[in-house]
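S.K.: Here is how the chains run, residue by residue.
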Amino acid sequence: GDQVEQSPSALSLHEGTGSALRCNFTTTMRAVQWFRKNSRGSLINLFYLASGTKENGRLKSAFDSKERYSTLHIRDAQLEDSGTYFCAAEGYGSSGNKLIFGIGTLLSVKP
Amino acid sequence: GGIITQTPKFLIGQEGQKLTLKCQQNFNHDTMYWYRQDSGKGLRLIYYSITENDLQKGDLSEGYDASREKKSSFSLTVTSAQKNEMAVFLCASSSGGEQYFGPGTRLTVL
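So the protein sequences, as listed, match chains A and B. The opening residue of the first sequence carries number 46 in the working numbering; numbering runs sequentially from there. The opening residue of the second sequence carries number 325 in the working numbering; numbering runs sequentially from there.
To be clear, the hints were calculated from the coordinates, so they are not data collected in a lab. Hints should not be assumed to be uniformly reliable.
[What the hints assert, rightly or not] Calculated pairs, EDC-like style, for lysine to aspartate or glutamate (alpha carbon to alpha carbon, straight line, at most 20 Å):
| # | chain 1 | residue 1 | chain 2 | residue 2 |
| --- | --- | --- | --- | --- |
| 1 | B | 365 | A | 50 |
| 2 | B | 394 | B | 409 |
| 3 | B | 365 | B | 386 |
| 4 | B | 365 | B | 393 |
| 5 | B | 407 | B | 376 |
| 6 | A | 99 | B | 422 |
| 7 | A | 82 | A | 126 |
| 8 | B | 394 | B | 362 |
| 9 | A | 105 | B | 422 |
| 10 | A | 82 | B | 339 |
| 11 | B | 342 | B | 422 |
| 12 | A | 82 | B | 376 |
| 13 | B | 342 | B | 376 |
| 14 | B | 381 | B | 362 |
| 15 | A | 111 | A | 121 |
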């Protein structure tokens, strides 16, 4: 079936630095969402993209349906950015806009 | 804006017990979802519903029942809880695009 391959599975950053998370898709996807799981276990919506790029503060996301990938860039990382980040993609032909999730990236930001 | 409420927050059951989880949303969204999250894995879809009284199976529907009693509420029943089962069940809703998630119900089976 359709798959979402998320990498890396874990990432450690020092405060003030940045990096990128990536999700590759085994097939063409209609849209992608990025979430962060906070300390209480809730999924916080970061981005929803059907194409192109979006930016919000220190976060920027891109989605290329044709090339089958999406990225989430974090710059100037802060301690409160720590947590698990998930991408999830919606396939074409899926009724109900079902999401297929990646396994998550555990981000640790250190002083 | 809106909110998704899940009850209970924590659920402890016995092996073989039938357990029901509830979800309410005030976004007025048509579609609602139940996902299961196990440690170290992404979320997997159990059931979803595109309108009141509609039910569609996800990838993980075996061992579960669901009920969309009205547009704003979607219940999930674990038909026979498995011993040592531990997972977080997340409810979500959407109006055809972005999905919004509730805070989750953490299930422990003794």
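S.K.: For each hint, tell me whether it holds in the structure or not.
M.R.: Do the hints match the structure? See the list:
no. : hint          : result
1   : B:365 / A:50  : holds (12 Å)
2   : B:394 / B:409 : violated (29 Å)
3   : B:365 / B:386 : holds (18 Å)
4   : B:365 / B:393 : violated (30 Å)
5   : B:407 / B:376 : violated (33 Å)
6   : A:99 / B:422  : holds (14 Å)
7   : A:82 / A:126  : holds (10 Å)
8   : B:394 / B:362 : violated (28 Å)
9   : A:105 / B:422 : holds (17 Å)
10  : A:82 / B:339  : violated (29 Å)
11  : B:342 / B:422 : violated (32 Å)
12  : A:82 / B:376  : violated (29 Å)
13  : B:342 / B:376 : violated (23 Å)
14  : B:381 / B:362 : holds (19 Å)
15  : A:111 / A:121 : violated (30 Å)
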